[in-house]
Amino acid sequence: MSNMEKEPMFSMKNIKTLTGPLNKNNPITVQVLGICSALAVTVKLKPAIVMALSVTIVVAVSNLVIAAMRKYIPDRIRIIVQLVVIATLVILVDQFLKAYVFDVSKQLSVFVGLIITNCIIMGRLEAFAMANKPWPSFIDGLGNGGGYGIILIVVAFIRELLGSGTIYGYPVIEKLGIYKTGYENNGMVILPPMALILIGLIIWFQRSRNKELIEK
Amino acid sequence: MNSLRNKIDKLKPHFSEGGKFAKLRSVFEGFESFMFVPDKVTHTGSHIRDSIDLKRTMTVVIIALVPALLFGVFNAGLQHFRSIGADATVLRCFGFGFLKLLPLIIVSYVTGLGIEFIAAQIRGHEINEGFLVTGLLIPLIMPIDVPLWMLALATAFAVILGKEVFGGTGMNIFNPALLARAFLFFSYPGWMTGDQVWTEGLRNGKNIIDGFSGATPLSLCAAGETAKLPSFMDMFTGTIPGSIGETSVIAILLGALILIITGIGSWKIIVSVFAGGLAMGLFLNAVSVNAYMELPFYYHFVMGGFAFGAVFMATDPVTGAQTEKGKWIYGFLIGFLSILLRVLNPAYPEGMMLAILLMNLFAPLIDYFIIGSSIKRRLKRAKPALNLHAK
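From first to last, the protein sequence lines stand for chains H and D. Under the numbering used here, the first residue of the first sequence is numbered 2, with each subsequent residue one higher. Under the numbering used here, the first residue of the second sequence is numbered 559, with each subsequent residue one higher.
A hint or two may mislead.
What the hints assert, rightly or not - Below, simulated SDA-like cross-link-like pairs (lysine to any residue); rule was C-alpha separation at most 25 Å, straight line: (1) Lys181(H) / Gly752(D); (2) Lys212(H) / Ala677(D); (3) Lys181(H) / Tyr746(D); (4) Lys176(H) / Pro705(D); (5) Lys181(H) / Pro747(D); (6) Lys212(H) / Trp707(D); (7) Lys181(H) / Thr617(D); (8) Lys212(H) / Ile676(D); (9) Lys72(H) / Val62(H); (10) Lys212(H) / Asp753(D); (11) Lys181(H) / Asp753(D); (12) Lys212(H) / Phe724(D); (13) Lys658(D) / Tyr184(H); (14) Lys658(D) / Gly183(H); (15) Lys212(H) / Leu719(D); (16) Lys25(H) / Val723(D); (17) Lys212(H) / His683(D); (18) Lys181(H) / Arg681(D); (19) Lys212(H) / Arg681(D); (20) Lys212(H) / Gly726(D); (21) Lys181(H) / Leu662(D); (22) Lys181(H) / Pro661(D); (23) Lys212(H) / Gly725(D); (24) Lys107(H) / Ala41(H); (25) Lys181(H) / Trp707(D); (26) Lys181(H) / Ala714(D); (27) Lys176(H) / Gly726(D); (28) Lys181(H) / Lys658(D); (29) Lys212(H) / Gly748(D); (30) Lys181(H) / Gly725(D); (31) Lys181(H) / Gly588(D); (32) Lys212(H) / Ile673(D); (33) Lys25(H) / Lys176(H).
Everything labelled a hint here was simulated from the structure, so no lab data went into it.
This is chain D alone, in the form it adopts within the complex:
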C-alpha cells in the first residue's frame, strides 16, 4: 500500500495545474480517490465530518446487489439447461451464467464509464462514482439474450441524455438504468418482450425440448393463462424466466436488508411501494372480472420486476422524493400504478419501469407541495406568537 501511495504522490505534480498531463487531472483524481481517501481538507469554517461519501454509498449498493447478481448468474444457467432438457450441477449453472453475464457487465461499464470520463474531461469536473451502481443495474434488468451493441447503445443513451445533459451525477431527473431499459423497450421491442428473450438460446431454437415455453409469469398472466403459473415458492426463490437480476425475491430482500440496515436505501419508500401494490392488488381482487384480477394480490409482489424495482430503483436518492412525507406518497403511487399498468394495460406486461419513471418525473412536484404545506403550517403556528409580541 505504501509503495502505491508513494508512486501516486510522485505522479501527482504531472497531473496538477501546469503539469504535463494537466488535462487528465480528473482521471488521475478519480483513480487516486478510488484507492485512497482524498487528501483534500477544508480550511475555513466548521464542517460535519462523515465518512459516508458518494463512493461509500455506491459501494454499499453494489454489495446489496451481489445476492441478486449471484442468483441471476445461477438462474441464467439454470434456465438454459432446463430449456435443452439437460441436468446440470449448480456449479455448471453458475459457470454458464457467468460466461453469459460477464460480457453484458463489461459492455455496460466500459460504455458508461468511457462516456463519463470523456464528459468529465470536457467539463473539468471530477469523475465520480455515480456510474458504479448504474453500470451494474443496467445488465441486471436486461433479458439475458440482449445483443451487446443494443446494450451499449442504451447505456450511451442513458448516460448522455439521461444524465450528462442535466449536469452529471446527482442532477438527473430519471433513473439512468431504467432509462436504458425504456430506450431498448421502445426501440427494439422484439428483444425486450415476449417469451423468447429470457432464456439463452431459445431464440435460435437449438436443442430446445418440447414443452419449454420460456414465458415469464407476467406474460402468462397477460395471455390469461394464470393456471399455468409456476408455484408461489418458485417465483419467490426465483427459478423462473425473467430479467437477469429480478427473479429471486429472496436475493432482493437480502439486498433490501443491507440497504435498510446501513440506511442507504429509504425503508419508507420500499415499504410504501409494497403498500401501494397491496392496495391496488386488493382492489383488483375485490373487482375481479377476469382471471388476472382474481390472482391473489401477494402474487404480484413476486412476479416480474416489482420487488427489484421497489428495492433498487425506487430508492434511488437522486430521482426519488426527498422529503420524508413525500417518500410515502412517491412510493405508494409507484406500487399502485405499476400493478394498475400490469393488469389493466394489455400493451405492457410489466408496469414497474414505467411507473417508476413517471413518479421520477413527479417527485420534485411532490416535494414542492410537501415543503409548501410545512411552511404554511409553521407560519400558522408562528403567527399567534408574533401577534402577541406586537401587542
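Just chain H, with the same shape it has in the complex:
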C-alpha cells in the first residue's frame, strides 16, 4: 500500500475520536446507552466517579484487545469472544475495587458485575474496535468512557447536593448554614425517577446548545 506512512499518535482524526463522545456523540445523552447504571450509581458522587473510571478502563482496554485480534476472530463467534474479554476485565476491576476501595465496592454492589452487560462497551467493540487499529480503538474507548463518566458525575453531583446536601461527602449545605433558613433536602432526587428526569434535562440543555443534534 502506498499510504503506509505512519499516522501521528495524536492526529486530528484521533483527537476527534477522543472528543466526539464527550459531546456530540455522547454515549448517554445522544446514543442513549448505559442508562440503567447511570440511574443506579449516581446517588452519591464517590461511587459515580469510581464507576466512571471502571467503565472507562474496561471499555478502553477491551477495545484495545479486541482491535489487536480483530483479524483472527471468526465472524460467527465474535460476540462470545468479545464477552470473554469484557468479563475478564470486569472481574479484574471488581477484584481491584474489593481490595482497595471496599466501601465503594459494597455501594456499587452488583453494578460492577453488570458492566459486562453495559451496552456502551459491546457497542464500541462492534462499531469501532472490530474495524480499527488498536491505538485508535483505545482512544475511542477512553473517549466513550469519558463521555459516560462526565454525565454520571454531573448527575451524581446534582443528586448528592440536592438529595443529601453534601459534595463528595462534605456537608456543604450544613456548613453554609442553609438549613437554618428552612431549606430541606429533596427526597425525590434520591429516587431513580429523578435521575431519569435529570438526564432528560441534560439532553434538553445539550440539544438547545447544539442545533445539529435536533431531530427533524
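Given chain H, work out where chain D should sit, using these hints.
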C-alpha cells in the same frame, strides 16, 4: 369600558410586528383577550362559532371551585381554633383562613404564570388561560402548613416538566396540579403526610390543647384506629383536618353540579369514579379481614381526596380519556385503584393522587383501543354492503 378599549387600541401598534415592544406581543394579547373578546376573525371557509373558548371553560371551573375554596378558608380557621381550644366565630375562622391561604394562592399564581409568560415569549406562543385553574387547584390540594418555597418549587416543576416540556397547555400527559403535589409528596414527605401538617401551628406546638391530634380520617384508618373516626356527617360537611379544598364533600358536590350543568366536566367520569370506588369498597367489605376493610364502603367517598379528585382532577379534559366509552373505563379504574391503594398499601394513606396520575398515563391507550374497536365494528358492518356492490 370604552376608554379602556380606546387605550388598548392606541397601544396596539407598538406591540404588533415591527413595533417597539414586538417581543412582548403575546403578553399584550394575553391582557387584551382577558378584557375583551379577541377581534381576530377567520376569513376563509365555514367555521362553527361558539362562545365557549378556553377562557370561558377555565372561568367556569374556577367558579365551580369557589365553594370548595370558601369552605377550605373557613376550615383552615376552624381547625386552628379547635387545636388551641379557642371558640371562634365563623367570621374569625374565615379571616384567619383567608390570611393563611392568600399567600399560598399568590405564590402558586405568580410562579406558574411567570413561567408561562416567559415560555410564551420564548416560543412565540400566545399566552393562554391554561394555568388559571391549575394555579387555584395547587393550593387547594396542599396541607395548610406547606412552606411557600416548597409550593413555588413544586409549581415550577409541574409547569416546566409537566406542561411546557410537552408543548404547553393542552399537550400535557399528566395533570399539572397533581404533579405538583406528587413532587412534594415524594420530595418532602415530612411536610405532606402525617398528623402534624393539616392544621396551622400544630407543628411548632404552640398552645395546642391536650387530646388534639390533627390526624386525618385516612391516617386514623391507616393506623387501624377506625373507632376514632369522626362521624359520617362531619366528614361529609368537611369540618375535619385534611388538604385545604378536599374536606367538604358538600362544597365539592356543589362544584360538580356546576361542572355537569354547564357541560364542562364529564358526568360520565365523575359517576364512573364513584362506581369504581363503590365496586372496590364492596369487594373489601365482602373480604373484610381487618378493621379498615370492614369500614362501610360509603365512608371512602367522604374521606381524603376521593371526591375532590373525582370532580376536579379526573375530569381534566386534557389528561383524561377522550372517547365516551373510554371515559367510563378511565373513571372506573381511577376509583377502583384509589381505594385499593388506600386500603391495601400501608405506605400511602391516600391513593387518589397516584391512581389519577397512573390513569392519566393510560388514557391515550384506552382511547386507542376504543377507537380501534369502533373502526373494526364499522368495517364489519360496511363489508357486507361493499360485497353486495361488488356483485
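Verification of the supplied hints:
1. Lys181(H) / Gly752(D): holds (23 Å)
2. Lys212(H) / Ala677(D): Judged against 25 Å, a Cα distance of about 19 Å means the pair holds.
3. Lys181(H) / Tyr746(D): Cα-Cα ~16 Å, so holds.
4. Lys176(H) / Pro705(D): This hinted pair holds, its Cα atoms lying about 23 Å apart.
5. Lys181(H) / Pro747(D): Distance of about 19 Å is within 25 Å: holds.
6. Lys212(H) / Trp707(D): Not satisfied, since the Cα-Cα distance of roughly 35 Å exceeds 25 Å.
7. Lys181(H) / Thr617(D): Cα-Cα ~41 Å, so violated.
8. Lys212(H) / Ile676(D): Holds: Lys212(H) and Ile676(D) sit about 21 Å apart, inside 25 Å.
9. Lys72(H) / Val62(H): Measuring from Cα to Cα gives roughly 17 Å; hence the hint holds.
10. Lys212(H) / Asp753(D): Given that 25 Å is the threshold and the Cα spacing comes to 50 Å, the pair is violated.
11. Lys181(H) / Asp753(D): holds (23 Å)
12. Lys212(H) / Phe724(D): Judged against 25 Å, a Cα distance of about 19 Å means the pair holds.
13. Lys658(D) / Tyr184(H): holds (20 Å)
14. Lys658(D) / Gly183(H): holds (18 Å)
15. Lys212(H) / Leu719(D): holds (21 Å)
16. Lys25(H) / Val723(D): holds (22 Å)
17. Lys212(H) / His683(D): holds (21 Å)
18. Lys181(H) / Arg681(D): Not satisfied, since the Cα-Cα distance of roughly 39 Å exceeds 25 Å.
19. Lys212(H) / Arg681(D): holds (16 Å)
20. Lys212(H) / Gly726(D): Holds. Lys212(H) to Gly726(D) sits at ~22 Å (cutoff 25 Å).
21. Lys181(H) / Leu662(D): It holds: about 22 Å lies between the C-alpha atoms, which stays within 25 Å.
22. Lys181(H) / Pro661(D): holds (22 Å)
23. Lys212(H) / Gly725(D): holds (19 Å)
24. Lys107(H) / Ala41(H): Answer holds: Lys107(H) to Ala41(H) is near 13 Å, not above 25 Å.
25. Lys181(H) / Trp707(D): Given that 25 Å is the threshold and the Cα spacing comes to 14 Å, the pair holds.
26. Lys181(H) / Ala714(D): holds (23 Å)
27. Lys176(H) / Gly726(D): violated (40 Å)
28. Lys181(H) / Lys658(D): Between Lys181(H) and Lys658(D) the Cα gap is close to 23 Å, so the pair holds against 25 Å.
29. Lys212(H) / Gly748(D): violated (42 Å)
30. Lys181(H) / Gly725(D): violated (38 Å)
31. Lys181(H) / Gly588(D): violated (40 Å)
32. Lys212(H) / Ile673(D): Holds: Lys212(H) and Ile673(D) sit about 24 Å apart, inside 25 Å.
33. Lys25(H) / Lys176(H): Measuring from Cα to Cα gives roughly 38 Å; hence the hint is violated.
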